[in-house]
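Q: These are the residues of each chain, in order.
2 protein chains.
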Amino acid sequence: MNERTLVIGSSGNIGKLLVPMLAKAGIPTVAMVRDKSKLERHEGIEIVEADLEKDFGHVFEGCNRVVFCAGSGPDTGLDKTFLVDLWGARKAVAQAKKHGVEQFVMVSSMGAGDPEAGPQAMRPYLIAKHLADEGLIQSGVPYTILRPGQLTDVDGSGRITTTVPEQSDDQKVPREDVASVILETLRKGAPLNEIVDIYQGEEAIEKAIG
Amino acid sequence: MNERTLVIGSSGNIGKLLVPMLAKAGIPTVAMVRDKSKLERHEGIEIVEADLEKDFGHVFEGCNRVVFCAGSGPDTGLDKTFLVDLWGARKAVAQAKKHGVEQFVMVSSMGAGDPEAGPQAMRPYLIAKHLADEGLIQSGVPYTILRPGQLTDVDGSGRITTTVPEQSDDQKVPREDVASVILETLRKGAPLNEIVDIYQGEEAIEKAIG
Numbered sequence: 007m008n009e010r011t012l013v014i015g016s017s018g019n020i021g022k023l024l025v026p027m028l029a030k031a032g033i034p035t036v037a038m039v040r041d042k043s044k045l046e047r048h049e050g051i052e053i054v055e056a057d058l059e060k061d062f063g064h065v066f067e068g069c070n071r072v073v074f075c076a077g078s079g080p081d082t083g084l085d086k087t088f089l090v091d092l093w094g095a096r097k098a099v100a101q102a103k104k105h106g107v108e109q110f111v112m113v114s115s116m117g118a119g120d121p122e123a124g125p126q127a128m129r130p131y132l133i134a135k136h137l138a139d140e141g142l143i144q145s146g147v148p149y150t151i152l153r154p155g156q157l158t159d160v161d162g163s164g165r166i167t168t169t170v171p172e173q174s175d176d177q178k179v180p181r182e183d184v185a186s187v188i189l190e191t192l193r194k195g196a197p198l199n200e201i202v203d204i205y206q207g208e209e210a211i212e213k214a215i216g
Numbered sequence: 007m008n009e010r011t012l013v014i015g016s017s018g019n020i021g022k023l024l025v026p027m028l029a030k031a032g033i034p035t036v037a038m039v040r041d042k043s044k045l046e047r048h049e050g051i052e053i054v055e056a057d058l059e060k061d062f063g064h065v066f067e068g069c070n071r072v073v074f075c076a077g078s079g080p081d082t083g084l085d086k087t088f089l090v091d092l093w094g095a096r097k098a099v100a101q102a103k104k105h106g107v108e109q110f111v112m113v114s115s116m117g118a119g120d121p122e123a124g125p126q127a128m129r130p131y132l133i134a135k136h137l138a139d140e141g142l143i144q145s146g147v148p149y150t151i152l153r154p155g156q157l158t159d160v161d162g163s164g165r166i167t168t169t170v171p172e173q174s175d176d177q178k179v180p181r182e183d184v185a186s187v188i189l190e191t192l193r194k195g196a197p198l199n200e201i202v203d204i205y206q207g208e209e210a211i212e213k214a215i216g
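Line by line, the protein sequences give chains C and V. Read in order, the letters of the first sequence are residues 7 to 216 in the numbering used here. Read in order, the letters of the second sequence are residues 7 to 216 in the numbering used here.
Fair warning: there could be bad hints in the mix.
Claimed, not checked - One-sided excerpt, in silico: chain C residues whose CB lies under 8 Å from chain V:
1) Leu84
2) Asp85
3) Trp93
4) Pro121
5) Arg129
6) Pro130
7) Leu137
8) Leu198
9) Val202
10) Tyr205
Source of the hints: derived by calculation from the structure; they are not laboratory data. All C-beta atoms, glycine included, are put in the ideal place defined by N, C-alpha and C.
Let the sequences and hints guide you as you build the complete structure.
A: Structural data, given as structure tokens:
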């Protein structure tokens, strides 16, 4: 079988919402985590321990789709922004290319398109995300780059917009809706080679995506 | 006149050795610094204030060669490694491309070829240098990438080797010799589209380069 989906960052804030959705949807999945104990078990999900800061090429075996939703998080230093968000992503793309992956879904960020337009404190992170996205685009691996607004932990509504809202107060989106968008892109294998902005909105995710 | 050499990082540890050499060699030079007071005046050197973290495209006017020897230095945080060593270099390359620069001399670092082979503490810096070099190589701007060993402040000997010494104790090079190598690459307009390792050695710089 060569049609599994690899989720890198399975125990992260988006990953832990996405993995049960993939299980429920019956999508064969390999969930990569640094520490198995941090992820609940689900039917149809193979949990594999691996570390983005080390060699992890083995986890790509038998996978034709990849989701990168790993992030160093706000509580770590900028060394992890370099090592995980930027270099970890670059390494994942290199492995995806090597393994002939057919779709690489990158969870990027609002503002990654133009890091210098962002607030000073966010710039290192936005540079990391920008260059991770750039590496994916240049790799030739078919990509879906998602750029969600400010992430929130409220329940998802199942509705989004892919147009950047004018008011900065509206430039946010529940993590649960981002996970639903990822699921939808995997189901449809689309859109490919596009960058999609995601914000809370009025359009049903199934209509907005693909 | 469109044959000036732009030095980005003129008041840095290598830049402040290079600028007087360029003056002495009669090479028309634009020395970019954040703060004019930090650089001695020399005949034939135009000093221009600009900041790598802001817009600096104007300093490229009339320049056909560029030297990037700016560095955030060991006393700043990793935010500056992102903003100066990585993003500043990327911006400089973009401007060089826009202005049709004929040679971009990048002062990179030993270990930038394979950041993960370096010591853990150095990895963020080596990733920044790796991706700065990669951006230059991919830009299409004719490049000379110099990867010096551990930099020292002893007087230059005028002699180097471009082969990595086996003993780690020998993997160093005086900054003054690096500046002499830069001068030589500019004089010859060569080598182009090559990565050159530089360590203390036995070969005269004029013979080793170009």
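Q: Against each hint, give a clear statement of whether it holds in the structure.
A: These are the hints, each one checked on the structure:
At about 4 Å, the closest approach between the beta carbon of C/Leu84 and any beta carbon in chain V falls short of 8 Å, and the interface hint on this residue holds. Interface hint at C/Asp85: satisfied, since its Cβ lies 5 Å from the closest Cβ of chain V, which is below the 8 Å cut-off. For C/Trp93, the interface hint holds, since its Cβ comes within 8 Å of a Cβ in chain V; the closest pair sits about 5 Å apart. For C/Pro121, the interface hint holds, the least distance from its beta-carbon to any beta-carbon of chain V being 7 Å, beneath 8 Å.
Checking C/Arg129 against chain V: minimum C-beta separation of about 6 Å stays under 8 Å; hint holds. Because the smallest distance between the Cβ of C/Pro130 and any Cβ of chain V comes to about 4 Å, under 8 Å, the interface hint for this residue holds. Given the 8 Å rule on beta carbons, the hint for C/Leu137 holds: about 6 Å separates it from the nearest Cβ of chain V. Contact between C/Leu198 and chain V, as hinted, is not supported at the beta carbon level, the nearest pair being about 22 Å apart and thus beyond 8 Å.
Proximity of C/Val202 to chain V is violated relative to the hint, the smallest CB-CB distance being about 24 Å (cut-off 8 Å). A hinted interface residue such as C/Tyr205 counts as satisfied when its beta carbon comes closer than 8 Å to some beta carbon of chain V; here the least separation is about 26 Å, so the hint is violated.
In this structure, the hints that do not hold are numbers 8, 9, 10, in rising order.
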